[in-house]
Amino acid sequence: MNGLSPKKLTLYLLLAPAILWLLLLIVLPHTGMGIISLRERVGPGEFAFSFKQYMTFFEEPLYWNTFVRTAVMSLIATVLALVLAFPVAWTIAKVAKGRMKALMLAATLLPFWASELVRTLGWLILLRGSGVIPGFFQMIGLTNEPVELLYHDATILVGLVYSSLLFMLVPLINALETLDDSLIEAAYDLGGNRFDILRRIVIPHAAPGIAAGCIMVFMLTLGNYLTPVVLGGKSSMWFTEQIYTQFITRFNWEQGAAFAFLLLGLSSLLVWAGLKITGQRFADAMRRT
Amino acid sequence: MIPSLPDSKFLTRGRAVYVTLFFLFLLLPLSVVAVFAFNNSLFPTPPWKGFTFDWFIAHTDDRTGLFFDTALLTSIWVSCKVAFWVTVLSVTIGTGNAFLLERAQFPGKSILTTMMLVPLVIPGVILGISILSFASQIANFAYDQWELELEWLRPGLPLVVAGQFSYIVTIATLTIAARLKRFDESLEEAALNLGASRFAILRTITLPYLKPAIIGSGAVAFLLSFENFNTTLMLVGSDNPLTVLMYGRMREGASPVLNAVSLLLMMVSGIAVALMYFRKPRQK
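Just so you know, the sequences run in chain order Z and R.
FYI, the numbering for the first sequence is 1 to 289, going by UniProt numbering.
FYI, the numbering for the second sequence is 1 to 284, going by UniProt numbering.
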């Protein structure tokens, strides 16, 4: 035999694009960004190793506050999405049957297939001072003057929860559908009340789905750019916005790279913690969604 | 609770009300977008000034409908071109990846499998930024070293395609791999025993079996590329895809033309999803 067997050749032909993709678009760009974040401009075209960018982040309260705020708001949005979606997922998975079930599933998917931009535009029309909801309030006499519902934290949360609901619903429905009804019947016959059944049977069974949903929603919210910027206006203080400003507006790549790394670190850390606490494996949780 | 258990009326009604409210909440923003595409006013907000098709077909001094708005139409075309290339690349490489995951054995497979999932958990903005800075560094290096101007590494459509591809290929891979996993390999063995070549088997048995997943992942890749905003925003040059153009106009203050485009988008993706949905039962 000279050279490669056909089987080996096929393997290499399949491996090459996969490795090129991961190396050129994921690994090297992120490594490069890590290197950029660890350097300081000392002269024209001259750079030295330093932690200055990270120091700036910790010394400047604006950046630090935005970071914490983004994380906290994302956590709140995740919890809200879970609480809002759970009863609906239960209804779709266990109560609704046949056409009703198909219809509900379709209605859940619909907003997702409309682009994020369309959804945000919808909220803009609903909430702005001259919009539909303030107009409605005025009509029923709740307020005398149009109220501006945009640019509040609550508004940002509504938008964030809205745009991530689907990623909570789908894993929850999948997890609940595999729950055997007879388990609940048995628990009921043995005298368990609804709360006990929920706490000791339903939630433990749905835990993988809950974890997958929470991780997806948290990730997407943390990395969201459009919703906080449009609905929150200038005061949205979202961390991806800081990254954009440093990179694109100020052309300060060193600072932007450091910010991007901090955000990536935060999201990885929380996802890792979430998986650890619930005893999930990354690959399983991701494939579920 | 489940149907076999007795539910009090209060609970059943309460749940019905909650679920109804939930779906109203879910569909409300899309409905207003659709409705105000037909409002005979310069702004997509109340008061309602009557029904009009102006925002689709007007061509006057103060109103340009969607079908005469050259910038909008150009950006739709740009988005289509980008989505086309993202789809072709994602589906081709995704199919190869699926075979790697489900069939091949090689050292380091588990690391590669995990790596393939990583793009899903990197925020889109960071994905875009890292590719932007990496490409620019190479382009700068080439220019400094050899005075070579590598135009395609500067912000522009090739980078947009690369950025969207970097995570959409993961989704294509997972979809196709899921179907390949359910494939009965004895079919291939039978064909092999009957003397078919490996290539003939792939072409006549395995790929036709994968076809629904390939078409499905292609449609998903196209839609995801078309609506992508976060990654695209970081990588655009002078040609704006639709989402970036719409974002720019939204910041200047929305106009009903944006609603008209949005309605068009909803209809197109609605039809695409319906087609995929109705295909499924026949395949089983």
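One should not assume that every hint holds.
[Stated by the list, open to error] Listed below are the simulated SDA-like cross-link pairs for lysine to any residue, each with C-alpha atoms no more than 25 Å apart in a straight line:
{"hint": "1", "chain 1": "R", "residue 1": "Lys-49", "chain 2": "R", "residue 2": "Asp-61"}
{"hint": "2", "chain 1": "Z", "residue 1": "Lys-52", "chain 2": "R", "residue 2": "Gln-137"}
{"hint": "3", "chain 1": "Z", "residue 1": "Lys-101", "chain 2": "R", "residue 2": "Gln-137"}
{"hint": "4", "chain 1": "Z", "residue 1": "Lys-8", "chain 2": "Z", "residue 2": "Ile-19"}
{"hint": "5", "chain 1": "Z", "residue 1": "Lys-8", "chain 2": "R", "residue 2": "Leu-275"}
{"hint": "6", "chain 1": "R", "residue 1": "Lys-211", "chain 2": "Z", "residue 2": "Ala-16"}
{"hint": "7", "chain 1": "R", "residue 1": "Lys-49", "chain 2": "Z", "residue 2": "Gly-192"}
{"hint": "8", "chain 1": "Z", "residue 1": "Lys-101", "chain 2": "R", "residue 2": "Val-268"}
{"hint": "9", "chain 1": "Z", "residue 1": "Lys-52", "chain 2": "Z", "residue 2": "Thr-31"}
{"hint": "10", "chain 1": "Z", "residue 1": "Lys-94", "chain 2": "Z", "residue 2": "Lys-8"}
{"hint": "11", "chain 1": "Z", "residue 1": "Lys-101", "chain 2": "Z", "residue 2": "Asp-181"}
{"hint": "12", "chain 1": "R", "residue 1": "Lys-81", "chain 2": "R", "residue 2": "Thr-206"}
{"hint": "13", "chain 1": "R", "residue 1": "Lys-9", "chain 2": "Z", "residue 2": "Gly-191"}
{"hint": "14", "chain 1": "R", "residue 1": "Lys-9", "chain 2": "R", "residue 2": "Thr-20"}
{"hint": "15", "chain 1": "Z", "residue 1": "Lys-52", "chain 2": "Z", "residue 2": "Asn-65"}
{"hint": "16", "chain 1": "Z", "residue 1": "Lys-234", "chain 2": "R", "residue 2": "Lys-81"}
{"hint": "17", "chain 1": "R", "residue 1": "Lys-181", "chain 2": "Z", "residue 2": "Gln-280"}
{"hint": "18", "chain 1": "R", "residue 1": "Lys-109", "chain 2": "Z", "residue 2": "Ala-18"}
{"hint": "19", "chain 1": "Z", "residue 1": "Lys-52", "chain 2": "Z", "residue 2": "Thr-278"}
{"hint": "20", "chain 1": "Z", "residue 1": "Lys-94", "chain 2": "R", "residue 2": "Thr-113"}
{"hint": "21", "chain 1": "Z", "residue 1": "Lys-52", "chain 2": "Z", "residue 2": "Asn-252"}
{"hint": "22", "chain 1": "Z", "residue 1": "Lys-8", "chain 2": "R", "residue 2": "Lys-181"}
{"hint": "23", "chain 1": "Z", "residue 1": "Lys-97", "chain 2": "R", "residue 2": "Ser-8"}
{"hint": "24", "chain 1": "R", "residue 1": "Lys-81", "chain 2": "R", "residue 2": "Tyr-209"}
{"hint": "25", "chain 1": "R", "residue 1": "Lys-9", "chain 2": "Z", "residue 2": "Ile-19"}
{"hint": "26", "chain 1": "Z", "residue 1": "Lys-7", "chain 2": "R", "residue 2": "Tyr-209"}
{"hint": "27", "chain 1": "Z", "residue 1": "Lys-101", "chain 2": "R", "residue 2": "Lys-81"}
{"hint": "28", "chain 1": "R", "residue 1": "Lys-109", "chain 2": "R", "residue 2": "Phe-38"}
{"hint": "29", "chain 1": "R", "residue 1": "Lys-9", "chain 2": "Z", "residue 2": "Thr-31"}
{"hint": "30", "chain 1": "R", "residue 1": "Lys-211", "chain 2": "R", "residue 2": "Thr-113"}
{"hint": "31", "chain 1": "Z", "residue 1": "Lys-97", "chain 2": "R", "residue 2": "Ala-16"}
{"hint": "32", "chain 1": "R", "residue 1": "Lys-81", "chain 2": "R", "residue 2": "Phe-56"}
{"hint": "33", "chain 1": "R", "residue 1": "Lys-109", "chain 2": "R", "residue 2": "Thr-206"}
{"hint": "34", "chain 1": "R", "residue 1": "Lys-109", "chain 2": "Z", "residue 2": "Asn-65"}
{"hint": "35", "chain 1": "R", "residue 1": "Lys-9", "chain 2": "Z", "residue 2": "Val-95"}
{"hint": "36", "chain 1": "Z", "residue 1": "Lys-8", "chain 2": "R", "residue 2": "Ser-110"}
[Unchecked claim] To give an idea of the chain Z side of the interface with chain R (calculated C-beta under 10 Å), a few residues:
{"hint": "37", "residue": "Pro-29"}
{"hint": "38", "residue": "Ser-50"}
{"hint": "39", "residue": "Tyr-63"}
{"hint": "40", "residue": "Trp-64"}
In case anyone wonders, no lab produced these hints; they're calculated from the structure.
Cβ coordinates follow ideal geometry from the N, Cα and C atoms, glycine included.
Verification of the hints:
Restraint check for Lys-49(R) and Asp-61(R): the C-alpha separation of about 19 Å stays at or below 25 Å, so the hint holds. Restraint check for Lys-52(Z) and Gln-137(R): the C-alpha separation of about 21 Å stays at or below 25 Å, so the hint holds. At roughly 52 Å between alpha-carbon atoms, Lys-101(Z) and Gln-137(R) are farther apart than 25 Å, so this suggested pair is violated. Restraint check for Lys-8(Z) and Ile-19(Z): satisfied, since their Cα atoms lie roughly 16 Å apart, inside the 25 Å limit.
Restraint check for Lys-8(Z) and Leu-275(R): the C-alpha separation of about 39 Å exceeds 25 Å, so the hint is violated. Straight-line distance between C-alpha atoms of Lys-211(R) and Ala-16(Z) comes to about 23 Å, which keeps the hinted pair within the 25 Å bound. Proposed proximity of Lys-49(R) and Gly-192(Z) is contradicted: the alpha carbons are some 58 Å apart, above 25 Å. For the proposed pair Lys-101(Z) and Val-268(R), the alpha carbon gap of about 24 Å is at most 25 Å, so the pair holds.
Restraint check: the Cα-Cα separation between Lys-52(Z) and Thr-31(Z) comes to about 18 Å, which is no more than 25 Å; the hinted pair holds. Straight-line distance between C-alpha atoms of Lys-94(Z) and Lys-8(Z) comes to about 49 Å, which puts the hinted pair past the 25 Å bound. Distance restraint check for Lys-101(Z) and Asp-181(Z): the Cα-Cα separation of roughly 17 Å lies within the 25 Å cut-off, and the hinted pair is therefore satisfied. At most 25 Å may separate the alpha-carbon atoms for a hinted pair to count; Lys-81(R) and Thr-206(R) exceed this at roughly 30 Å.
A C-alpha spacing of about 20 Å is found between Lys-9(R) and Gly-191(Z), which places the hinted pair at or below 25 Å, so the restraint holds. Of the pairs offered as hints, the one joining Lys-9(R) and Thr-20(R) holds, with about 16 Å between alpha carbons and a cut-off of 25 Å not exceeded. A distance of roughly 18 Å separates the Cα atoms of Lys-52(Z) and Asn-65(Z); the hinted pair therefore holds under the 25 Å criterion. Restraint check for Lys-234(Z) and Lys-81(R): the C-alpha separation of about 33 Å exceeds 25 Å, so the hint is violated.
The straight-line distance between the Cα atoms of Lys-181(R) and Gln-280(Z) is roughly 22 Å, inside the 25 Å bound, and the hint therefore holds. For the given pair, Lys-109(R) sits about 12 Å from Ala-18(Z) by alpha-carbon distance, which is consistent with the 25 Å threshold. This hinted pair does not check out: Lys-52(Z) and Thr-278(Z) have alpha carbons roughly 37 Å apart, beyond 25 Å. Taking the CA atoms of Lys-94(Z) and Thr-113(R), the gap is near 34 Å; set against the 25 Å cutoff, the hint is violated.
Note on Lys-52(Z) and Asn-252(Z): the hinted pairing holds, with a Cα-Cα distance of about 13 Å set against a maximum of 25 Å. For the hint pairing Lys-8(Z) with Lys-181(R), the CA-to-CA distance comes to about 22 Å; that is within 25 Å, so the pair holds. For a cut-off of 25 Å, the pair hint linking Lys-97(Z) to Ser-8(R) stands: about 19 Å separates their Cα positions. Taking the CA atoms of Lys-81(R) and Tyr-209(R), the gap is near 28 Å; set against the 25 Å cutoff, the hint is violated.
Note on Lys-9(R) and Ile-19(Z): the hinted pairing is violated, with a Cα-Cα distance of about 59 Å set against a maximum of 25 Å. Proposed proximity of Lys-7(Z) and Tyr-209(R) is supported: the alpha carbons are some 22 Å apart, at most 25 Å. In summary, the hint linking Lys-101(Z) to Lys-81(R) is not supported, as the alpha carbons are separated by about 37 Å, beyond the 25 Å threshold. For a cut-off of 25 Å, the pair hint linking Lys-109(R) to Phe-38(R) is broken: about 55 Å separates their Cα positions.
Between Lys-9(R) and Thr-31(Z) the alpha-carbon distance is near 59 Å, which puts this suggested pair outside the 25 Å criterion. Under the criterion of a C-alpha separation no larger than 25 Å, the hint pairing Lys-211(R) with Thr-113(R) is consistent with the structure, at around 23 Å. This hinted pair checks out: Lys-97(Z) and Ala-16(R) have alpha carbons roughly 14 Å apart, not beyond 25 Å. Between Lys-81(R) and Phe-56(R) the CA atoms are separated by roughly 23 Å; this keeps the pair inside 25 Å, and the hint holds.
Among the hinted pairs, Lys-109(R) with Thr-206(R) is consistent with the structure: their alpha-carbon atoms are about 22 Å apart, no more than 25 Å. Our distance criterion of 25 Å between C-alpha atoms is broken by Lys-109(R) and Asn-65(Z), whose separation comes to about 41 Å. For the given pair, Lys-9(R) sits about 15 Å from Val-95(Z) by alpha-carbon distance, which is consistent with the 25 Å threshold. Between Lys-8(Z) and Ser-110(R) the alpha-carbon distance is near 19 Å, which keeps this suggested pair within the 25 Å criterion.
The beta carbon of Pro-29(Z) is positioned within 10 Å of a beta carbon in chain R (closest approach about 4 Å), and the interface hint is therefore held. This hint is violated: Ser-50(Z) has a C-beta 18 Å from the nearest C-beta of chain R, more than the 10 Å allowed. For Tyr-63(Z), the shortest C-beta to C-beta distance to chain R is roughly 16 Å, which exceeds 10 Å, and the interface hint is violated. Proximity of Trp-64(Z) to chain R is violated relative to the hint, the smallest CB-CB distance being about 19 Å (cut-off 10 Å).
Against the hints set out earlier in the document, violations occur for numbers 3, 5, 7, 10, 12, 16, 19, 20, 24, 25, 27, 28, 29, 34, 38, 39, 40.
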